[in-house]
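If you read the protein sequences in the order shown, they are chains A and B.
For the first sequence, our numbering gives the first residue as 1, with consecutive numbering after it.
For the second sequence, our numbering gives the first residue as 1001, with consecutive numbering after it.
By construction, these hints were calculated from the structure, which means they are not laboratory data.
Using N, Cα and C, we set each Cβ at its ideal position, and we do this for glycine too.
Where hints are given, some of them may not hold.
To be verified - Computed, partial: chain B to chain A, Cβ under 10 Å: (1) L1053; (2) I1057; (3) R1098; (4) E1100; (5) R1103; (6) Y1195; (7) E1205; (8) H1210; (9) Y1215; (10) L1222; (11) A1224; (12) H1236.
Stated by the list, open to error - Far from chain B, some chain A residues (derived; all Cβ distances over 10 Å): (13) F91; (14) A109; (15) F130; (16) A220; (17) A277; (18) M284; (19) V359; (20) G384.
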Amino acid sequence: MTAIGIDLGTSNSAVAILDADGAPRILTTEDGSTTLPSVVTFDEHGGAVVGAAAWARAVERPEDAVFGAKRLLGRRADDPEVRRLAKLLPFEIVPSPNGDAWARVGGRAVAPEEISALILRELRAMAERFLGEPVTEAVITVPAWFDAAQRAATKDAAAIAGLRVRRLLNEPTAAALGHGAHRGQNRRFAVCDLGGGTFDVAIVDVENGVFEVLATAGDASLGGDDVDRAIVEQLAREVRSKGGLDLGTDAAALVRLRAAAQRVKHELSTAQVADLALPRLGQMPSGRAVDLARTIRRDELELWAMPLLRRLEAPCREAMVRAGRAAAELDEILLVGGMTRMPAVRRTIASIFGKEPRVVPNPDEVVAVGAAVEVARLEGRIEGVLLLDVTARGLALSVNGSPCDLVIAPSAVVPTREHRIIATRADGQRELEFDLWEGESAEASGNRHLARYAVSALPAAPAGEVLVVVELTVDVDGTARVAASELVSGERPLLKLVGGPGLSREQVAKLVEARR
Amino acid sequence: MARVLRVRCATWDQVEAFYQRKLRRGRYLAMRVPFAPDKNADLTIGLELPNQLVMAIDGTITSVADTDAGGRTAIEIHLHGMTPEVQGRLEALVTDGRAEDQRVRNRPPTAPPTVAAAAAVEVAAPPQPDPQPEWTPPEGAAAEQFVALEAELRRLRPLPAHEVLGVAWDAGPSEVRAGWLSLGHRFHPDVVARYASAALTHVAEELMIHVNRAYDRLRAALVAEGRAAAIGPALHEPRGWLVGFEEMGTGTAPSLAAEPEIPVPTSRTSSVRFAVVEDPLTEDRLFGDLGLPPPPTAPSEGDVFDRQARTRLAAGDATGAKEVLAAALHVYPKNRGLRALYHVATAVEALAGGQVMLATSQLEAAVAHDEHCHVAVRALEEVRRGSDAVIVRRLFQ
Chain A
1 MTAIGIDLGT
11 SNSAVAILDA
21 DGAPRILTTE
31 DGSTTLPSVV
41 TFDEHGGAVV
51 GAAAWARAVE
61 RPEDAVFGAK
71 RLLGRRADDP
81 EVRRLAKLLP
91 FEIVPSPNGD
101 AWARVGGRAV
111 APEEISALIL
121 RELRAMAERF
131 LGEPVTEAVI
141 TVPAWFDAAQ
151 RAATKDAAAI
161 AGLRVRRLLN
171 EPTAAALGHG
181 AHRGQNRRFA
191 VCDLGGGTFD
201 VAIVDVENGV
211 FEVLATAGDA
221 SLGGDDVDRA
231 IVEQLAREVR
241 SKGGLDLGTD
251 AAALVRLRAA
261 AQRVKHELST
271 AQVADLALPR
281 LGQMPSGRAV
291 DLARTIRRDE
301 LELWAMPLLR
311 RLEAPCREAM
321 VRAGRAAAEL
331 DEILLVGGMT
341 RMPAVRRTIA
351 SIFGKEPRVV
361 PNPDEVVAVG
371 AAVEVARLEG
381 RIEGVLLLDV
391 TARGLALSVN
401 GSPCDLVIAP
411 SAVVPTREHR
421 IIATRADGQR
431 ELEFDLWEGE
441 SAEASGNRHL
451 ARYAVSALPA
461 APAGEVLVVV
471 ELTVDVDGTA
481 RVAASELVSG
491 ERPLLKLVGG
501 PGLSREQVAK
511 LVEARR
Chain B
1001 MARVLRVRCA
1011 TWDQVEAFYQ
1021 RKLRRGRYLA
1031 MRVPFAPDKN
1041 ADLTIGLELP
1051 NQLVMAIDGT
1061 ITSVADTDAG
1071 GRTAIEIHLH
1081 GMTPEVQGRL
1091 EALVTDGRAE
1101 DQRVRNRPPT
1111 APPTVAAAAA
1121 VEVAAPPQPD
1131 PQPEWTPPEG
1141 AAAEQFVALE
1151 AELRRLRPLP
1161 AHEVLGVAWD
1171 AGPSEVRAGW
1181 LSLGHRFHPD
1191 VVARYASAAL
1201 THVAEELMIH
1211 VNRAYDRLRA
1221 ALVAEGRAAA
1231 IGPALHEPRG
1241 WLVGFEEMGT
1251 GTAPSLAAEP
1261 EIPVPTSRTS
1271 SVRFAVVEDP
1281 LTEDRLFGDL
1291 GLPPPPTAPS
1301 EGDVFDRQAR
1311 TRLAAGDATG
1321 AKEVLAAALH
1331 VYPKNRGLRA
1341 LYHVATAVEA
1351 LAGGQVMLAT
1361 SQLEAAVAHD
1371 EHCHVAVRAL
1381 EEVRRGSDAV
1391 IVRRLFQ
């Protein structure tokens, strides 16, 4: 039974283990890269390609590729956030039979759990190649703001990939663990995670081995991809103004430009100037080829990225206000995510917090290393560390369309459990249905529907005399489970799930079989 | 550190009112706060938006007036953090937020799937019915642990919350937290994860649930008493304050007139007030006391909402009154008068729909919350006598 640490990212994923002597080891793909792009392409036969190879295929067939499936995990198709994303993502988002957001790709609707499972399977294969033995368990990181449904969907994805989740670990906690915070003295961290697609800030306290995420904030549509896009737009504008050629309709040229922009961005993190040469980028209507050759200076790039850099400040300030912390009270600013290699990002963060941020040597992989440390901790190889978390949203209960009754408060410490007693409303009623909601509002429209349950085989009795205790438990991973028992007899009547979002156990089992 | 003053905006209209009307020219904001700050001290406003975002806006206190009888001090803040960018962001959020509200309002009430429909699609949700943990008897060291934890669970189950954590009943935040942490180090399921025994993990989880519930209850009590602030899982000495929306724009600082470079806003804003006084249902009435000299008797918390709700009830708009009161209760969850009035409004609504039983129980609830709520007492008499909605509504006129 070997366990690995996985950072399942929106645009890049990584996997790490801790050696027998406690040194972290980041596992690589077959071509030697430490991160795996979270991209999956499908072919006509239902076969899937993952990672860098999928990137290459996506250039030719963009309609068959799914990027950023993590953004859809555990979300409804009519969620305002999903509707906003639908405009930005290249693939089509369609509702599943029960209203979940699925991706339409290669001519069929695919659950985000299945796409994430393909990425997890690839990461698992990377680990098995290195270790030479089967891997069955993993610690997987999730954003601290993931709610119960998103966490459950992540677990389903792992199940499809044949991995048992030992723990879902919050990303800021993982970053602090990967940084070695459990070995040092008491510290107050701000973890700024600027990845390919999202920006997350968290204030994390580490005191005597106790890790607490005090507050989180973020911008779900700010990342390295936006910087690439800014470069592409600028260069396309220049081409247009110089030769009058509009690249906006030439998909192949834009893909080439995009790849070149990414390379230039990486080079400019260390160099002051970078060259860009794209011969025969496009063709004029007259048939004359248009070349693009240009030297880009670092200050030019920073100018183009300025509108994006400005958006870093608000989430940082928000996290500090939520945590009741001034910047001067923070001991260390941890930079996580590949985009934090960009000097301008470091400068902006430094000016927001008024302090030089800590440069982590491996910002792309530190979260995966944290997950590997967590594996070692669960195996008892690291002592005296305690990770404390709270529920991201409240859980509420309603019976027959009654107002939602908040059962588990938001930011209750997990694991936790609360119960409510519900009663029959008609004489001889043998079945009782209730709904579970996520959110704090008394009105159903302000909350997210999680599931509808039916308690059946109740004893026949006059109205109101059959009382059922409904217990909601939120476990250490932040996922919810439900139990019901009859109050008087203490018997557990039949509790049945009637409907709700997410994959059913049967669907998960079927997908496990299909991918075997 | 710079103090943080959190201002809770319950509706997007309030957010708009903040930057359009509360904020005076030159980015000055007058408000009453529950503490006596120093002049020239830094103060950050944390504007809590209806979508749970918090906008941090830096400011400096430019003038401080005397503290009134209620322990509140009128101050004036120069919000230099309110840059055009921040304002632009707020405006965009208000537009989006209103569109979203509109969408939610227009959406038919969320209908959970019916049994038949659900059976047709054969789906199930992530929170599965509680599976019984597979019980295999633990062995060796795990068995010893199991027996020890099981005994602890039996010992802790009947105890009151403070005894679970091993602290005095009136313990402060730091003791409660220390008690909880020491138990966490012993009982957290992670501590026994190395034995990979389902039974052992289960009993540890049960223990931790019990400990966490005790902690959550003590924590909520301390927060309600104002002795602590709960941030994430932590518990701290309180820092920063939360004020109601209508504290802004009231309490003109005395030094305002003495500083000529700051435009005195009274004339500008009061013209706004009188221009709309014809229509009692606009938001201006709700926040209409903007910029005027303080009324002779200091209004109690949420007075504005109270007045507004009564106006609406008198106009026969019980639903509108409920909305106002719901917003008010969001800011003043402990104001009994407002809560009583909310029940009265619900009762009036119920009467209009012919639900006399519901109306009676709502009015009884109102009286239970505030026995001095004359409207509720008299309405209850009327309803018991069998009067209808119109007569009850007349009570407000």
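Structure-based check of each hint:
no.	hint	result
1	L1053	holds (7 Å)
2	I1057	holds (9 Å)
3	R1098	violated (13 Å)
4	E1100	holds (6 Å)
5	R1103	holds (8 Å)
6	Y1195	holds (8 Å)
7	E1205	holds (5 Å)
8	H1210	holds (9 Å)
9	Y1215	holds (6 Å)
10	L1222	violated (14 Å)
11	A1224	violated (13 Å)
12	H1236	holds (7 Å)
13	F91	holds (23 Å)
14	A109	holds (13 Å)
15	F130	holds (23 Å)
16	A220	holds (12 Å)
17	A277	holds (37 Å)
18	M284	holds (40 Å)
19	V359	holds (26 Å)
20	G384	violated (7 Å)
Of the numbered hints given earlier, the model fails hints 3, 10, 11, 20; all others are met.
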